[in-house]
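Q: The sequence shown begins at 0 in numbering that gives the first Met the number 0 and counts up one residue at a time.
FYI, nobody ran anything at the bench for these hints, they're computed from the structure.
Some clues are possibly wrong.
[Claimed, not checked] Restraint ranges, calculated between C-beta atoms of paired labels, are given here: (1) 158 to 15: 27 to 35 Å; (2) 251 to 117: 48 to 56 Å; (3) 152 to 198: 41 to 49 Å; (4) 211 to 20: 41 to 49 Å; (5) 213 to 39: 20 to 28 Å; (6) 140 to 20: 23 to 31 Å; (7) 270 to 54: 39 to 47 Å; (8) 165 to 255: 14 to 22 Å; (9) 277 to 153: 15 to 23 Å; (10) 104 to 216: 18 to 26 Å.
C-beta: ideal position from N, C-alpha, C; glycine also.
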Amino acid sequence: MSSDSLAPPVPLGGNGVLMTLHDAWVVTLRNLRRMTRIPEMVVFSSIQPIMFVLLFAFVFGGAIPVPGAGGTTAYREFLLPGIFVQTLAFTAATTSVGLADDLHKGLIDRFRSLPISRSAVLAGRTTADWLQNLFVLLVMAACGLAVGWRIHDGILKALAGFLLLMLFAYAMSWIGATIGLSVRTPEAANTIGFIWIFPLTFLSNAFVPSRKISPQWLQDVADWNPVSATVQALRSLWGNPDGYEPTVKMPWPIAHAPWVSLFWSLLILMVFVPLSVRKYRSVST
């Protein structure tokens, strides 16, 4: 049996949850082995965020003042949480293309012919992408530290920020899974992925303070954007500039960003996990 194929599931005393976890882990290992065979996928997914960090920090950063903060590294500390969230939001496109490719090649049909849990195939894909994102996040953090980004509020808040960030990335993967199972080709999945992710990430506070966006109604959209909530949560937990003057009252979703970010991630999972599994059961090649 080739390393790309699935090993048959091992009975675990009839416990459905353990069986599903075992099946999901087998599929995760299959996807991770595939990544090692195509190392350029991981390399290029790491280079793109590094390019964003360097471009915004050294080319555009000098022209974007950060209200309430000063110094040469103020914009870089403001920027890095936005870069982290933007990069991991693109997880959805990665998952979309991967699943669409498996569907296009008939691999999904083979999975469905095996005695494994329906949700395990999707959980394995999203978990493998999550682990890849963890590696990319470590690379981005090292790049950020090199250009002046720092965490100021202690190890516990730092860990809380990283956990929120990875939860958001995992939730976005399930949106990508739904899209990947809804299109016929990887090219279509790639195109659709960028169509909705770009406005979602740029119509936020990731690169400029939301108060700089006009007209007013777009500011409100940006404040309620899940990306804005997660970016602001990271800035709050890590002690980075948030783009608000101390005397200015923050909008409600920004003032309670950690809880709003947690709410958005859980809501996305509650909607798109069952939607993806339902789509997986009915999809045809």
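Q: Next step is simple, just say for each hint if it's right about the structure.
A: Comparing the hints with the structure gives:
1. 158 to 15: 27 to 35 Å: holds (32 Å)
2. 251 to 117: 48 to 56 Å: Violated: the Cβ-Cβ distance is about 39 Å, outside 48 to 56 Å.
3. 152 to 198: 41 to 49 Å: For residue 198 against residue 152, whose Cβ atoms are near 31 Å apart, the range 41 to 49 Å is violated.
4. 211 to 20: 41 to 49 Å: Holds: the Cβ-Cβ distance is about 46 Å, inside 41 to 49 Å.
5. 213 to 39: 20 to 28 Å: About 40 Å separates the Cβ atoms of residue 213 and residue 39, which means 20 to 28 Å is violated.
6. 140 to 20: 23 to 31 Å: holds (29 Å)
7. 270 to 54: 39 to 47 Å: About 34 Å separates the Cβ atoms of residue 270 and residue 54, which means 39 to 47 Å is violated.
8. 165 to 255: 14 to 22 Å: The hint (14 to 22 Å, Cβ to Cβ) holds, given that residue 165 and residue 255 are roughly 20 Å apart.
9. 277 to 153: 15 to 23 Å: violated (43 Å)
10. 104 to 216: 18 to 26 Å: violated (44 Å)
Consistency note: the structure conflicts with the earlier hints numbered 2, 3, 5, 7, 9 and 10.
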